[in-house]
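Participant: The primary structure of each chain is shown beneath.
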Amino acid sequence: MAWTREQMAARAARELQEGFYVNLGIGIPTLVANVIPDGMTVTLHSENGMLGTGPFPYAGEEDADLINAGKQTITELPQTSYFSSADSFGMIRGGHINLSILGGMQVSESGDLANWMVPGKMIKGMGGAMDLVAGVGRVVVVMDHCEKSGESKFKASCTLPLTGKGVVDLLVTDLAVFEIDRRGGGARLIELAEGVTLADIEAKTDATFENCLG
Amino acid sequence: MAWTREQMAARAARELQEGFYVNLGIGIPTLVANVIPDGMTVTLHSENGMLGTGPFPYAGEEDADLINAGKQTITELPQTSYFSSADSFGMIRGGHINLSILGGMQVSESGDLANWMVPGKMIKGMGGAMDLVAGVGRVVVVMDHCEKSGESKFKASCTLPLTGKGVVDLLVTDLAVFEIDRRGGGARLIELAEGVTLADIEAKTDATFENCLG
Amino acid sequence: MSSKLYPDAQHALAGLTADGITVMSGGFGLCGIPENLITALRDSGAKNLTIIGNNVGCDEHGMWLVLANNQIRKVLASYVGENKILESRYMNGEIEIEFNPQGTLAERIRAGGAGIPAFYTRTGYGTAVAEGKETRQFNGEWHVMETGLTADIALVKAWKGDAVGNLMYRKTARNFNPMMATAGRVTIAEVEELVPVGSFDPDHIHTPGIFVQRLFVGQNYTKHIERRTTRARESN
Amino acid sequence: MSSKLYPDAQHALAGLTADGITVMSGGFGLCGIPENLITALRDSGAKNLTIIGNNVGCDEHGMWLVLANNQIRKVLASYVGENKILESRYMNGEIEIEFNPQGTLAERIRAGGAGIPAFYTRTGYGTAVAEGKETRQFNGEWHVMETGLTADIALVKAWKGDAVGNLMYRKTARNFNPMMATAGRVTIAEVEELVPVGSFDPDHIHTPGIFVQRLFVGQNYTKHIERRTTRARESN
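These protein sequence lines are chains A, B, C and D, in that order. So the first sequence is numbered by this note's numbering: it starts at 1 and just counts up by one. So the second sequence is numbered by this note's numbering: it starts at 1001 and just counts up by one. So the third sequence is numbered by this note's numbering: it starts at 2001 and just counts up by one. So the fourth sequence is numbered by this note's numbering: it starts at 3001 and just counts up by one.
There could be a bad hint or two in this list.
What the hints assert, rightly or not - Lysine-lysine pairs mimicking DSSO-like chemistry, simulated, CA-CA at most 30 Å apart: (1) A:Lys148 x A:Lys204; (2) B:Lys1121 x D:Lys3004; (3) B:Lys1124 x D:Lys3004.
Claimed, not checked - Selected chain C positions facing chain B (Cβ under 10 Å, derived; list incomplete): (4) Gly2081; (5) Ala2118; (6) Thr2150; (7) Ala2163; (8) Ala2183; (9) Pro2208; (10) Gly2218.
Hints in this document: simulated from the structure, not taken from any laboratory. Note that the coordinates shown come from a computational prediction; the quantities given were computed from them, not determined experimentally. For each residue, glycine too, the CB sits at the ideal point set by N, CA and C.
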């Protein structure tokens, strides 16, 4: 009836292309690393200063000087390079990262993204999310379609404070996939999760979208 | 009657202090490297991307990948580091170089410097001179007091296009030494070359200066 | 020759701390933080500090020690999770936090060290981060003006250093340290290993000695890991 | 896997040159210039080029080859001495030169590569360089606004490189190359030595492979020295 986290990650992974440099956010986007197609070379960027992040280390081989942006211990690969945070965000801001896949709290039909704070709750900070959505060429957001309350997270306009304005190119939810035109051309429904109907989406979506299902 | 080039360099060298990072321009300033006081640690910066420039190499040991900003072959020292041009001028612009000693065509009593172009003649470019005078904490200019024509090069205001406005702290000529207040406090004559009189300076100087000879 | 070498963190900080100063401190999470200098900063007792860093430690670790000792008035950071004292003080209005996007923070520090008073970035346009800041179009896109940052002292952690202050960092422990080294009016570096001058390949040096005014060999590194993630060893 | 490796300069430039494009080319004087790519650019015959580089070669060497072949319309540089053809063409108005202070040029390229459309610098305030540019006070000092630079192609010379595009430079041959590598829409690197992926210590890499789209091993380097200065060997 709806995609699992793994299925959402797998759908997001279909946005990968040979030779891409990719930044994966925390949560479901992290799972994309596990489903990179065989034979495809994709280099993962970690904004704390690393290109070419490898898998988690074997127990006992953790290195406190080698973590990803989620502060998890990781390993390096033969092609790995390290650099400063300024150089790392130079890559991001300069448009050198091909694809950013990150989580969201709300996405609007014009591509606004809110994913860093909820008024009244503790603000932890935006980390690198604002830089990623402002700098990376293509931004894919992966999030549940609705709040637990049932409220649509894909909205006419975001009610939460924004992470970026007009920055989302593709939205993958547990129910469907939408293309969004950052330049104001609106949102287009392009895929449904198995067993989900257009009527389901219409009922559960606050945003206006064009139906472009094959 | 007037200082030689070597004596001018020696006078400029008296501005060096222990631990200083120093950039030396082309011409007379280059000679300062030969008269660094014994026992004083001074690190020479070359704006093409090197800290800790060493002496010229022995014949046969020249390395085309190792030159100074004057494009002369040089050597490295144990403390040497290399970096990019952006990082090198970050050092300059960020105020990390303690002292810049460079040549001049004209200096004004308010500390303006002209040393990069003469209208009507071929313009070769300012190289790093504008960055040096704008960024370095203390700027010393070493130049002849007069043109060959006898015209004073220390002027009420520069007639040549400027390299920097209000940027010179000390002027060493072949006849005298002047302190200049970048903040508009005027110029002060503080030393005479041996055999030079105040009357000589007054006769040969276009700039207004206060006589502060001991 | 005047020496940059100090016996320990306390001596290296001596004379540099005072109430109300601004302190940059390197690290991403607890990775690459100047552990010895943070402890010495706590022991200095200096109050009303402004701390510039990507994070402010996490519970019981890193800059949390200075926070828990009531020495911090204001923080510039990109992320402050996993830090209960900071949460409660912030929610109670006892501490000011200026949230900066991580890349903007890194670039502001880099700019401060490189003599760039301000620059423009797309990051944060149309968000709370841009409020009160100049915005402007370049190439048809809106940008936000951000200013350079410097600090009274910058506390930096490197892997290896030499007596003239040349530094090398290790893996992702590099992070904010190189820019902060350039942006302190006085930069103090702690290193795990002091190497003889001349033992670095000069092409490998990350921070040239010009940026480092004081240096010492740190001790008793805990290098606490926030999220120890491992994988199972494949069976043969 | 798509490969970044090309057999030589001509193949590496194929499809990238066209009349009127903007080309960045690394080097300081003749030190660290992409000799093979410059020759291939000349052989491409592309006209009306805009060249961004600290210099434009010197008589008979470097970018002078492209200049002498009448391919250059405009130059952005900090110093163009020792180049008689350029002198005469400039004085005759046949070529446009935009003089940039060296540090401003370096920073503009760094900014272009890092997505910074504009920044402020004290450099050039009150001089011809500031004419027509916005000026503004920060911290009581006047500054000039300068814009970021990018190029259609960036030609970069490194010492060693690997198949994923990681590069290391050697000594002062580094100069403008690392920033230019970040600022080309397509960056082509020539290296003296191709090393296996994994042979670099990842802490030593100067230019991460993300910035390099094409790479080849250069041949027949002349590395002409402009000012051969030596000292006498001390007698025993």
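Participant: Could you check if C:Pro2208 really has its C-beta closer than 10 Å to a C-beta on chain B?
Facilitator: holds (4 Å)
Participant: Under the criterion of a CB-CB separation shorter than 10 Å, is C:Gly2081 in contact with chain B as hinted?
Facilitator: violated (32 Å)
Participant: Would you check the hint for B:Lys1121 and D:Lys3004, treating anything up to 30 Å between C-alpha atoms as holding?
Facilitator: violated (46 Å)
Participant: Tell me if C:Ala2163 is really an interface residue toward chain B, meaning its C-beta lies closer than 10 Å to one of theirs.
Facilitator: Where the cut-off is 10 Å and the nearest Cβ of chain B is about 9 Å from C:Ala2163, the hint holds.
Participant: Just to be careful, I want the Cα atoms of B:Lys1124 and D:Lys3004 compared with a cutoff of 30 Å; is the pair within it?
Facilitator: violated (38 Å)
Participant: Restraint: C:Gly2218 near chain B, CB-CB cut 10 Å. Satisfied or not?
Facilitator: The hint is violated - C:Gly2218 has no Cβ within 10 Å of chain B, the shortest such distance being about 22 Å.
Participant: Need the status of pair A:Lys148, A:Lys204: alpha-carbon distance at most 30 Å?
Facilitator: holds (12 Å)
Participant: Less than 10 Å between beta-carbons is the criterion; does C:Thr2150 satisfy it with respect to chain B?
Facilitator: holds (9 Å)
Participant: Can the hint on C:Ala2118 be confirmed by a CB-to-CB distance to chain B that is less than 10 Å?
Facilitator: violated (13 Å)
Participant: Hint check: is the beta carbon of C:Ala2183 less than 10 Å from a beta carbon of chain B?
Facilitator: holds (8 Å)
In terms of the numbered hints stated before, the structure departs from hints 2, 3, 4, 5, 10, listed from lowest to highest.
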